[in-house]
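S.K.: Protein chains in written order, with this note's numbering: chain A, -17 to 119; chain B, 44 to 127; chain C, 8 to 238.
If you're looking for bench data, these hints aren't it; they were derived computationally from the structure. One or more of the hints may lead you astray.
Said to hold, decoys possible - Here are the in silico distance ranges between beta carbons for each label pair: (1) B:72 / A:92: 20 to 26 angstroms; (2) B:49 / A:114: 52 to 58 angstroms; (3) A:43 / C:103: 17 to 23 angstroms.
C-beta atoms are modelled at their ideal positions from N, C-alpha and C, and glycine is treated no differently.
Chain residues, written in single-letter form:
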Amino acid sequence: MSGLEYDPKNVTGALDRREDHAPGDEPVEDAGHVILNSNLGLGFSVILTVAAFVLANSQLIYGPAIPVALLVLAIAQMGVHLVFFLHITTGPDNTNNVLALAYGIMVVGLIVVGSIWIMSHMGANMMPMNQLIEMQR
Amino acid sequence: MPVHSPVGFYTAVFATVFGFALIWQIWWLAAVGFVGALAGFVVFAWRDVHEFHVPAEVVAEVDRARRAARQALLDRMPDEGAPA
Amino acid sequence: MTDFPLPAAAETVRRVREDPNRLGHRDPHAREEIEGAGHGTTGPAHRRIIVGYGFWIFLLSDIVMFSCFFAAFAVQRSATAGGPGIGELVDMHRVGWETGALLLSSYTCGLSFAATNVRSKLWTQVFLLVTGLLGLIFVGLELFEFIDLAGRGIVPQRSGFLTSFFGLVGLHGLHVTLAGMWLLTMMAQVQVKGFRPEIVHRLICFNLFWHALDIVWIGIFTIVYLMGATG
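Sequences and hints are given; from them, build the entire structure.
M.R.: Written out as structure tokens, the structure is:
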């Protein structure tokens, strides 16, 4: 079996490493990108954090909607952290990380949602605790 | 391949001691266990040689020898399939 | 063979004939390291990428462990056994300071990695030190919070809810403390050994760990403290 006649690294001639570029997908020795990403990450995170604290402590939005809004802000901030600080990008070097992250999120979702679901159903199907205790007196 | 090292075992011993001491609230022993485990971690982190290379030729050699041994065993077996 | 690629069909036919399983056969006698993304002729991925991936997997297992504690907290939220609920535990100012400290420490950790990329020992150490100090402020604030609560009789043994609360927040604080010890070790290693490849890889792992802790803290301060104060 002979080697391929073209160099695979040069096939995508126009989309070389500098032109096709995702945020955080920096080559190894480039500090400027890291600093830019850190600044952007900090900026967005501060905005989202302040928004969360302000929302929680004021009457700006409809009361029962506050937990949902906080959750949305939290997920957004986690996304900001993942992209700008942890460099989860769609670059070819990162595919494995994205897959692993997706699997981790699935497991976390299963555990949290599953636990809450199961325990709330269990609580709904069981006798209240004080009655249980009365039965044992 | 990573270099062989007993540090993992030593650290685990100290960590076990640490856990035991925490359960029984023996604080001096907990401190000893924690310091020992941390020391194991730092000592291991300070190593200069952390791996050795296994060249492809060595892997091929070992694999060839193994396959030859298996083939010899298969050749010795009668046709019904039971070992000779 | 010519320099420009063959017409697509002929190229495909040739490739299928020579390399039907798309292995991209590497030259078996190549002695030098071929750097690449791990596909075929470009060999295994650069070690920096592999180390990062391995540590990611560990980080995800850690996050799964945190999610178990989160699930326990969510389930136990109303199991106060007549004791204090989440509303009595939240001190919004302190949580604000803790969040700010941890967020800034994440920022300075990223800056220290930028300094590592340009191989500046001074700035790496400076930013690592600032990161450590901010982490210390966070842990100190949390410790004082726990001492305050204990002074009011709010201890993990009081109720299932409090057990899960102290378990979750305490586990995170423990992680930050251990990361602080790791940070001290890394500062010592950078000082003594400089920027060898292994040290840079460990700094990458430390960066990942510290940022993951901040991500977990986002979950904690939102779900435990903010939702607790408003829910």
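S.K.: Hint by hint, note whether the structure agrees.
M.R.: Against the structure, the hints:
Between residue 72 (chain B) and residue 92 (chain A) the Cβ separation comes to about 39 angstroms, which falls outside the hinted range of 20 to 26 angstroms. In this structure, residue 49 (chain B) and residue 114 (chain A) meet the distance hint of 52 to 58 angstroms, their C-beta atoms being roughly 53 angstroms apart. A beta carbon spacing of about 19 angstroms between residue 43 (chain A) and residue 103 (chain C) agrees with the range 17 to 23 angstroms that was offered as a hint.
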